[in-house]
Amino acid sequence: MPIPSLSEKDLEAYRSDLSKPEKSTGELFIKLNGLYQRFASNEQLLADFEYVSALNSLENSYASKKEHFNKEIIELKRQFKQLDNRIVAAEQKLRHGIPEDLLVMDKIIAEQESIVEDQEKLNKAETHIVEQVRKIDIEHGKELQKLEQQQNNREIPFKSKFSAFNEQIKNAEKEITLKVSGFSLLAIIGIPLIIDLFFGMIGLPTFAKNTNNIIFNHYIFLISLILVELFLADKIRNRISRILSISYLKDSLNTLGNLLTENERQLAKVESEHHITLSEFLKKNGDALNY
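If you read the sequence shown in the numbering used here, its first letter stands for residue 1, the second for the next number, and so on.
It is worth saying that the hints were derived from the structure and are not from the lab. Just so you know, even glycine gets a beta-carbon here, dropped at the ideal spot from N, CA and C. Careful: at least some of the hints might be erroneous.
[As the list claims (entries may be wrong)] Within a straight-line C-alpha distance of at most 30 angstroms, the following computed BS3-like cross-link-like pairs (lysine-lysine) qualify: (1) Lys235 / Lys31; (2) Lys269 / Lys146; (3) Lys23 / Lys161; (4) Lys66 / Lys142; (5) Lys65 / Lys124; (6) Lys107 / Lys93; (7) Lys235 / Lys174.
[To be verified] So the derived label-pair ranges between C-beta atoms look like this: (8) Lys284 / Lys20: 38 to 44 angstroms; (9) Ile136 / Lys9: 44 to 50 angstroms; (10) Asn285 / Asp137: 22 to 28 angstroms; (11) Lys179 / Leu144: 38 to 44 angstroms; (12) Lys269 / Asp137: 28 to 34 angstroms; (13) Leu178 / Asn285: 45 to 51 angstroms; (14) Lys284 / Lys161: 24 to 30 angstroms; (15) Glu27 / Pro157: 27 to 33 angstroms; (16) Asn152 / Glu126: 38 to 44 angstroms.
Go ahead and model the full structure; you've got the sequences and the hints to work with.
Okay, here's the thing in structure tokens:
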């Protein structure tokens, strides 16, 4: 089953998810990656739309040119047939011998000269048409080859581009996870340390006075550390993770939004250039392209 294409509604839904504290950053990263995968369908659709529309326009232009020259060939054949009739008529006039009437003879000679002249014109016209047909056949072949090359050239960076997006998101998540671990550790240790220093400053008595045992001298720190780990550690990690992740996720969402806008602009450009709407294209080619 093909991956559905991305829409503005999907971006708005994700933007709404970013504002919900109950959404974990892991879930948000997975969904962002999914949005980029869906956008790959938009880009593939654009590539197919451009290629098929350009191919159809090229074939229609070629067919129109061929039709034009076919009409000229039909007209040329008609003129050749008329010329053949004139040749037969001239030969029939001379079949009974050369006429004695000079005026009639001048007309026959003039007709023969006219036939030769017209035959030369028709031969030149035929050569011109054959040459033009050869040219449009060669030009059409070159245009088809160029179009195929453009499609192939687009496929290679297209696939690598989305692999790069996925890799970038994966690396960003790893980097943020490392930062979260570091900042969380500082917070989890820092809070008990502050509490310990605070109670030490106000002279809270310890379990054992005048002892060198570091555990007894800092029992408040240890108790605070245990309590923080039990009741606050996950909240601290989630909070720090959200603070560090949201900025990146928003930037990535904006980048994706810009890509979608450009994709839609290119679709509109293809519609304008080839005089076909995307819906018409999908109606004609959707089954073949699995859309």
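Hinted pair Lys235 and Lys174, Cα distance within 30 angstroms = 19 angstroms, holds
ask   = Within 24 to 30 angstroms or not, the Cβ separation of Lys284 and Lys161?
value = 28 angstroms, holds
query = Taking the beta carbons of Lys179 and Leu144, is their distance inside 38 to 44 angstroms?
reply = 53 angstroms, violated
task = Determine whether the Cβ-Cβ distance between Glu27 and Pro157 falls within the hinted range of 27 to 33 angstroms.
result = 31 angstroms, holds
query = Can the restraint linking Lys269 and Lys146 be considered satisfied, given a maximum Cα separation of 30 angstroms?
reply = Satisfied, since the Cα-Cα distance of roughly 20 angstroms is no more than 30 angstroms.
query = Does the structure keep Lys66 and Lys142 at a Cα separation of 30 angstroms or less?
reply = 16 angstroms, holds
38 to 44 angstroms as the expected CB spacing between Glu126 and Asn152, which holds or is violated = 39 angstroms, holds
Proposed proximity, Lys124 with Lys65 (alpha carbon, max 30 angstroms) = The given pair, whose Cα atoms are some 20 angstroms apart, holds under the 30 angstroms limit.
Distance restraint evaluation - Ile136, Lys9, Cβ atoms, bounds 44 to 50 angstroms = 47 angstroms, holds
ask   = Given the hint that Lys107 pairs with Lys93, does the C-alpha gap stay at or below 30 angstroms?
value = Distance ~11 angstroms between Lys107 and Lys93 Cα, so the pair holds.
ask   = Are the Cα atoms of Lys235 and Lys31 separated by 30 angstroms or less?
value = 22 angstroms, holds
request  = Starting from the hint 28 to 34 angstroms, judge whether the C-beta atoms of Lys269 and Asp137 obey it.
outcome  = Since Lys269 and Asp137 have Cβ atoms about 29 angstroms apart, the given range 28 to 34 angstroms holds.
The structure shown violates just one earlier hint, number 11.
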